[in-house]
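All chains, full assembly: derive it from the sequences and hints.
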Amino acid sequence: MTASFLLRRIGYGLLLMLGVVVLNFLLIRLAPGDPAVVIAGEMGGATEEMLESIREEYGLNKPLVVQLGIYVGNVLTGNLGESFFFNQPVATLIAQRILPTILLVVTAQVLSILIGVFLGVLAARKPNGVMSAFVSVFATIGYAVPVFWTGIMLIILFASVLPIFPVEGMQSVKLRDANLFVQMLDILHHLALPAFTLAIIYLAQYARLSRASMLEVLGSDYIRTAKAKGASQRTILFKHALRNAALPILTVAGLQFGNLISGALLVETVFNWPGMGRLAFDSILRRDYPTIMGVLFFASAMVVIANILTDMSYRLADPRLRGKG
Amino acid sequence: MSDETRTTYKAESPALEAWRMFRRNIPALVGVVLLTVIILATLYGTFFYTGDPFEIVWAPHEPPGVTPEFPLGTDYLGRDIIAGMLTGGGPTLAVGAVAAAITMGIGIAMGALAGYYGGWVDNLLMRVTEFFQVLPALLFAMVLVTLLSPSLFTIAFAIGVVSWPQTARLTRAEFLKIKNLEYVTAARAIGARDKRIIWTVILPNALPPLIVSATLTVGVAILFEAGLSFLGLGDPNVMSWGLMIGANREYILDAWWPVTFPGLAIFFTVFAVSLIGDGLNDAFNPKLRER
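Listed in order, the protein sequences are those of chains A and B. If you use my numbering, the first sequence corresponds to residues 40 to 364, in order. If you use my numbering, the second sequence corresponds to residues 233 to 523, in order.
Derived by calculation from the structure, the hints in this document are not laboratory data. Just so we're clear, the structure is a prediction, and the values are computed from it rather than from any experiment. Here a beta-carbon is modelled for each residue, glycine too, at the ideal position from N, C-alpha and C. A portion of the hints provided could be inaccurate.
According to the in silico footprint, chain A covers these stretches of chain B (three or more CB under 8 Å from chain A) [unchecked claim]:
1. 306-313
2. 317-327
3. 361-369
4. 457-469
See the structure below:
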């Protein structure tokens, strides 16, 4: 992989993020009413003094272009504003919430790819077999179930019928003072249901996609060669075929990341998972715009980073792309 | 010449051929029937079963099947669940359809212009598309709805604004494929203008994948609307399936039915739509059928 490619990719990512900052600025201006009141939050009951200090900080008495400059400058220096509802800087709020979201989203992504691809490969072995039919039906169902409803159904199941997983929050109160290892196990225990809920939709899509991708690859000459030289079916499937079928899966995985964050928003709300989605929900209900804008900024940044990582892994996975600018 | 010797073979139009394929696709027909039943129930159900979904009519949390007047039971306030199911579907379906239309409108316009003109137009429009793909859709839609204050139209608008990039990419790819084909060159040779070539020569030929995509977009938009209503960002004066689930969320461990039935309704609606979408896909691409 060339360094210049990586630099260009990162530069473009930064440009996209600048776009998000400008969009945030425009959105606040789009809100009806006095922007200072908007920033303070409608439920804040802001005093005239507070409003005056907001006008001062955001330069709301100055021309629009200057305001934009001040806003971009603030974001660049890590100042995302103050949440008047939570009474904390937005940056602090997000710093507390970003790791749980990353944990949830990445676990769901890994789970859905691993299980989905495995099911897809099994199905591709017999294109008209039971497994193939199952994958098709399952993919259609997975696409059609609202993710928040799946979560609620799982809560009902695991809270009353089969109480083996906690259905709410990220940590047990009574284990807050336990040693680090026990705490980590506790978090994983809490993670199981939200991560699985989020994984189900995408799992179905990966299964369907990898089945199609495998079927295409399995018809090619080098697979026939591998069969002719007497390679075992497992070697053929997982070594020769899957490696070549993996590229479309990788592309989709990258594109899917934004949707995953949207899904996490609903799942976090259902399971009271203390992440950015839950924060977005709370702040939207309170019209706490600085926090909402902060979440939008960081959620977009996560998508940008995921896209860059996908591009890089794509180049690592496909030797034909290496060395090309 | 007698009639017997004159056997003419009429070429079947692509649309007719697709319909013939679709008609034989049992899952797709199941989808059509299911969706028709759901639409009819939401349109005319209230004629047979009158009831205000917001009105408190009975004791809270009456289980389904106990009181004959309320076969699906009541919710945490004692509101009739069947009344909510019948009136709550209309807004969801309407928002889904309008949002899908907005999505397709923006997406096709952007993709067609980018694909047809290429060069800097393509570059600019694709950068805009990429920008919109970076914003997490549901979050962005939530912000838009909050800013514009929730109503059925603003919700549909917000869903459309956040969902068009995929349609734009698909349209662009189709245009890139078609724009150098002979019949397009021929149209240009007889002096057709760009506008005419884009909308009456290329677009009709790019339609099959776009129709499939439009169908699936309706499904996604319905899920979107349900998610927004579930979060309490829907129009508070309009009953919808998502709102029913959201309102009863706190009490799921006391009563499973107020959240289960609306959820099933959303599921079956989107399921029907996606069966139809798959059927259309198979009908337009007979070669892909084995996949």
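Now the hints, each set against the structure:
{"no.": "1", "hint": "306-313", "verdict": "violated (count 0)"}
{"no.": "2", "hint": "317-327", "verdict": "violated (count 0)"}
{"no.": "3", "hint": "361-369", "verdict": "holds (count 7)"}
{"no.": "4", "hint": "457-469", "verdict": "holds (count 6)"}
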